[in-house]
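**Q** Take a look at the letters that make up each chain.
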Amino acid sequence: MSVIEIKNVTKKYKKFTLNNVSFNIEEGEICGFIGENGAGKSTTLKILAGISSFDEGEVKIKNQYIDKLSKLEREDISFILDELNFPENLKLKNIELILRNIFTNWEKDTYYSLLKEYGLDVDKKCKELSKGMKVKLNIAISLSHKAKIFILDEPTNGLDPVARDEILEKLVQIANNGGTILISSHLVEDLERISSRIIFIHQGNIIINEKKDELINSYDLYEIKKDIFDTLDKNKVIKYKENLDGSISLITKKDSLPSEIEGKLPFDLTKFMILFVRGSNL
Amino acid sequence: MRGLLLKELMNLKTSFFLILIYVVIIVLLVIPSGIAESGDVGTTDPITPMQEALMVFGVAAPSLFIASFYPNTILNSSYQIDEKSNWTPFIISVGVRKSTIISSKAALSLILDVVFIGIFIIALFAFGDVPFTISSFIFYLGISLGSAFFSQALTILICSLWGSNKATVLSIFLSFLTTTLPLVVALIPFFVEPLFSLLWLFGLIDLLVFGIILAGLVLFITYHFYKKRDF
Chain A
380 MSVIEIKNVT KKYKKFTLNN VSFNIEEGEI CGFIGENGAG KSTTLKILAG
430 ISSFDEGEVK IKNQYIDKLS KLEREDISFI LDELNFPENL KLKNIELILR
480 NIFTNWEKDT YYSLLKEYGL DVDKKCKELS KGMKVKLNIA ISLSHKAKIF
530 ILDEPTNGLD PVARDEILEK LVQIANNGGT ILISSHLVED LERISSRIIF
580 IHQGNIIINE KKDELINSYD LYEIKKDIFD TLDKNKVIKY KENLDGSISL
630 ITKKDSLPSE IEGKLPFDLT KFMILFVRGS NL
Chain B
349 MRGLLLKELM NLKTSFFLIL IYVVIIVLLV IPSGIAESGD VGTTDPITPM
399 QEALMVFGVA APSLFIASFY PNTILNSSYQ IDEKSNWTPF IISVGVRKST
449 IISSKAALSL ILDVVFIGIF IIALFAFGDV PFTISSFIFY LGISLGSAFF
499 SQALTILICS LWGSNKATVL SIFLSFLTTT LPLVVALIPF FVEPLFSLLW
549 LFGLIDLLVF GIILAGLVLF ITYHFYKKRD F
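Chains as they are written, first to last, in the working numbering: chain A, 380 to 661; chain B, 349 to 579.
If you are wondering where the hints come from, they were derived from the structure by calculation, not from laboratory data. Just so we're clear, the structure is a prediction, and the values are computed from it rather than from any experiment. Honestly, I wouldn't trust all of these hints.
[What the hints assert, rightly or not] No farther apart than 27 Å at their CA atoms in a straight line, the calculated lysine-lysine pairs in the DSS-like style are these: (1) A/394 - B/361; (2) B/361 - A/447; (3) A/525 - B/446; (4) A/549 - A/506; (5) A/441 - B/432; (6) A/470 - B/576; (7) A/470 - A/527; (8) A/472 - A/447; (9) A/447 - B/514.
Model the full structure from these sequences, guided by the hints.
**A** Take a look at the structure:
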């Protein structure tokens, strides 16, 4: 069952348009949302979180239009940034006092036990938390109000590898327990690691929306010499880019080039994304 | 709304000493009106009751301005804290209605007004040497609340739609405007002797026109446009 359905959503700004964005996310999926800066990731996520309006299209959460969701249904959704959403002088125990009066499904015991599990001191003020602690706190809050849908906007930015690893593991645990996750990140290798679906947005348009395995099995990446590139059937090349050392990186459909062509690379989502954005068509 | 109001009150805790200073200033500003009333103003001409009342009133006006201005600064700083912490997008994402957010700010300003205007009124009758009568009580309470409610409604409008920075720039002007207009209305009986006995009525007019009708209109406009605002 599709938990998130976004259909032909358009939002127009003066100098940018989110254009006919459509995708579905199934229950239990971890969906990686990638795109360069200014591609429309945050705009899309804010629309899904109900923070931003849109000009055309439909957004449904669990088959209900987003503007018709009740407060209780909205509590199923958790929008997590890499920053905390609380005044910096508040202590973590004070946050609990506030949130128990906002959420209908608030579980105080879950909150405190998660804080203990994540190593967060309840007497600490928000401003004393490191970046990684803030993300963990946001996750603890989401689990404490029994959110089932997690929308994360670059939650691992600026984190050290150890903290990133911890956060990613927690997200996988959440998905294994039935949660649905849509996560955007510039750290494409993180998304490649945990996501089961990849959505790629470029200049306000969805370019790719496929299961990760299908994506890997649909495209090949090559890095070849220019003289070999010149001999190729150009109809088979989706995107290409000349590198500083004179070699050519390219994307082709899976197994479309002869097997004797050397320079085939293991599939790498980061390289794929860079080529797609910066590469040229023939 | 309880959770939102609790957050506002917790934020107030951090400005407790600042609030205390504001309270002292309000009281200090009221004291000269008591001196004026006692006749130590360097004149030997007999003072009419109307002149006396005008003197007291004129000296109490700065204190009234402060009692209206300081809640505005606290209200403004609550918006600044929200903006800095991205609090508003968070609570909207979990289903809190935008109208509830405005209502919580209005509730905060009500609490601040009860405190500051309450202190102003008590100080005025205790130290300003204004004779306590029902008429004078209603008069001063009406002007104070009318001015304060109107002022905070405008602050909520500007902060909600354009951000706290714009409100900071406009706050002194707003407080001046929202203190002056009700005062101008309230001064009418001082210049029209037959109306002097109806002083209390002009306090009520101020409360009704500025504190309820105009403030209510401003809040309604705020609700209407805030609903459409993106974050």
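**Q** Against this structure, judge whether each hint is valid.
**A** Status of the hints after comparison with the structure:
no., hint, verdict
1, A/394 - B/361, "violated, 43 Å"
2, B/361 - A/447, "violated, 37 Å"
3, A/525 - B/446, "holds, 23 Å"
4, A/549 - A/506, "holds, 23 Å"
5, A/441 - B/432, "violated, 32 Å"
6, A/470 - B/576, "violated, 33 Å"
7, A/470 - A/527, "holds, 26 Å"
8, A/472 - A/447, "violated, 33 Å"
9, A/447 - B/514, "violated, 33 Å"
Hint violations for this structure: numbers 1, 2, 5, 6, 8 and 9, all remaining hints satisfied.
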